[in-house]
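Novice: Sequences are here, hints too, so could you generate the full structure?
Here are the chains, one letter per residue:
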Amino acid sequence: MIDDIRVGALIAGSSIKRGNKKTLVFIVFVLSLIFMNLVFLPSMIGGMTVLFTGFMRDYPYGDIVIEPTGDNTYINNADNVLKKVRAVEGVRAATKRLDVGASIEHKQNVVGATITGVIPTEEYDISQYPYIIKEGDFLGDLSRDEIIIGSIISGTSTTFGEIYDDLGETRTGSLVDVTYSNGVKRTYKVKGIMEGNFELVDLNAMVHYKEIEDVYGLDSGKATSVVVRIDEQGTEDEMKDKIREAGVNEKIFTWADKSETLIRQAMQSLGAIDTMSKFVGLIVGAALILIIIYINILNRKKEIGILKAVGITPRSIVLSYAFLSMFYVSIGIFAGLILYLSLMLYFQANPVVFYETMEIRPQIDVMLLIESIATMLTLSVIAGTLPAWSVSKESILKAIWGR
Amino acid sequence: MITVKDLKRYYGSGDMTVKALNGVSFEINKGEFVAIMGASGCGKTTLLRILALLDDATDGEYTIRGLKVSSLPEAERSYYRLTQVGYVFQDYALINEMTAAENVYILSMMEGKSKKESYKVALEALDKVGLKDKHDRIPDELSGGEKQRVAIARAIAKKPDIMFADEPCANLDTRNSEQVLEVFKDLNDNYGQTIVMVTHEPWHVKYVDRVITFQDGVLVSDEWVEEQ
Chain F
1 MIDDIRVGAL IAGSSIKRGN KKTLVFIVFV LSLIFMNLVF LPSMIGGMTV
51 LFTGFMRDYP YGDIVIEPTG DNTYINNADN VLKKVRAVEG VRAATKRLDV
101 GASIEHKQNV VGATITGVIP TEEYDISQYP YIIKEGDFLG DLSRDEIIIG
151 SIISGTSTTF GEIYDDLGET RTGSLVDVTY SNGVKRTYKV KGIMEGNFEL
201 VDLNAMVHYK EIEDVYGLDS GKATSVVVRI DEQGTEDEMK DKIREAGVNE
251 KIFTWADKSE TLIRQAMQSL GAIDTMSKFV GLIVGAALIL IIIYINILNR
301 KKEIGILKAV GITPRSIVLS YAFLSMFYVS IGIFAGLILY LSLMLYFQAN
351 PVVFYETMEI RPQIDVMLLI ESIATMLTLS VIAGTLPAWS VSKESILKAI
401 WGR
Chain V
1001 MITVKDLKRY YGSGDMTVKA LNGVSFEINK GEFVAIMGAS GCGKTTLLRI
1051 LALLDDATDG EYTIRGLKVS SLPEAERSYY RLTQVGYVFQ DYALINEMTA
1101 AENVYILSMM EGKSKKESYK VALEALDKVG LKDKHDRIPD ELSGGEKQRV
1151 AIARAIAKKP DIMFADEPCA NLDTRNSEQV LEVFKDLNDN YGQTIVMVTH
1201 EPWHVKYVDR VITFQDGVLV SDEWVEEQ
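From first to last, the protein sequence lines are chains F and V. For the first sequence, my numbering assigns the number 1 to the initial residue and increments by one for each residue that follows. For the second sequence, my numbering assigns the number 1001 to the initial residue and increments by one for each residue that follows.
Derived from the structure by calculation, the hints contain no laboratory data. Keep in mind that the hints are not guaranteed to be accurate.
What the hints assert, rightly or not - In silico BS3-like pairs for lysine-lysine, Cα to Cα no more than 27 Å straight-line:
(1) F/LYS398 / V/LYS1068
(2) V/LYS1132 / V/LYS1185
(3) F/LYS17 / V/LYS1115
(4) F/LYS398 / V/LYS1005
(5) V/LYS1120 / F/LYS393
(6) F/LYS17 / V/LYS1132
(7) V/LYS1120 / F/LYS17
(8) F/LYS398 / V/LYS1019
(9) F/LYS301 / F/LYS17
(10) F/LYS83 / F/LYS258
(11) F/LYS84 / F/LYS301
Specialist: See below:
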């Protein structure tokens, strides 16, 4: 076997050293494109996922979100939960929120929205809401008759303006009538308009936590969610366990748990495209590698016959083509990686703009790269071995003289 | 050394059967330089390919030093081709991407010798055919005669029992043909190499000991050549 490997390496080495360089360049070019095809689209989709999951973290869910158990609408003792959570080492900040359904009316324009009751001062450490006020100001501790509305609802969104119903050019200072899901009506002055370029944000509205408590007649300390930010990103799972150990018996999710569900739904189509693209890319890649190597081998059929005729074992011949094809694919992967990383650099500087304002930067997924490299190398061995094995089984006369 | 008994090679079947070899028998002893001659299509190349284990006989028996090689399984035939038989092709059949030395020493490496040792063997073989100084040339950088001499070096490097040559001068001019035949003669005279060569050139006869002539797949004459 060692002799077979040595001879296989000699044949492959001489073929690489003195073979047709133009053919080599062409093969490497095609293989680099196959590699690109395998990794580029998933990277773009990865970029979209990161963008959307970033939104999830910055707005509705924080790093960790605690929600009511079972069919309960509220966490009944949210203050107690907050106390326990804040005592956990590694927790940077936490707040409670109350989400309710409502319709908002302004000059006979009516839209449905989720209104979130927040404790304004706490939100500065929890979310980006206070920082995305494009007009007016964020809520304050005394904001009881004021509301923040999303730019889509206000009719000032340049991104989603034509897709959703809106209140018709509502501005800071405008008065809007809110009818809550329990039928209670309140009139609020628009204190600010927020724009996060994200539908889950821009379709929402926000009032003071106490206002929701008051409207729904809730006992003190009820919440639909408790949102937590932690000191060290990446330790969410560990922190989740710590919070549970601290005696919190409600449902605890990391942002990833929540995003995964939402992103899975939101990006179901993209995911299907991604899967199809990977599958088709793999099949096309495998077929191309096989064709390239097979054509190469057919051109060398006579050489294979000669090698057999002088006593070189079929195993050495098959190994030489496995080495050769591994070399082609390795160089192809290398060229593909350079091409891929160049494109990644380009798109980091010039991101793909989505909905006019959302910038998608493709993500380099190391696992995806490793998987793609391993897949292509495996394919290369199969693609190099199968045709060579098939030709090496032919009779010497047929291989050399075609009969 | 070589015993061929009632060897047959048929192609096709029924009325379309072509009898390339139709019951050939002869013996060749160690150290002989034999020319197999005859008109095109008489079966001489078919015979050589069977003797060199590149093709199978339809019927008959063929032994080398008493071993019935015609019935060996492919793996053993491959090993036999590697270690016991040298074959020189009409069109040189060198690997174009390998240097002269690599074309020769690949076989020694296949036999398990180290690269250094194999290289030494290759240089010795190339020296015998007068091409030691061109060991690093690839076939495209050699003349037709030189290519054929590299092919001979490849065949003799492993010191085979028998060397077969299929019209080795067919693509060469007279001067290059003479060089190649001189190499054969030298190997035969000085190293006792058994050589079986297919040729259709009458003037090649002066280099060989014996001439076997074929016609329509049948051996028609087997004569010793008188020393001139």
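Novice: Decide, hint by hint, whether the structure agrees.
Specialist: Hint check results:
no.	hint	result
1	F/LYS398 / V/LYS1068	holds, 24 Å
2	V/LYS1132 / V/LYS1185	holds, 19 Å
3	F/LYS17 / V/LYS1115	holds, 18 Å
4	F/LYS398 / V/LYS1005	holds, 26 Å
5	V/LYS1120 / F/LYS393	violated, 32 Å
6	F/LYS17 / V/LYS1132	holds, 22 Å
7	V/LYS1120 / F/LYS17	holds, 22 Å
8	F/LYS398 / V/LYS1019	holds, 19 Å
9	F/LYS301 / F/LYS17	holds, 19 Å
10	F/LYS83 / F/LYS258	holds, 23 Å
11	F/LYS84 / F/LYS301	violated, 75 Å
Of the numbered hints stated above, those contradicted by the structure are hints 5, 11, listed in ascending order.
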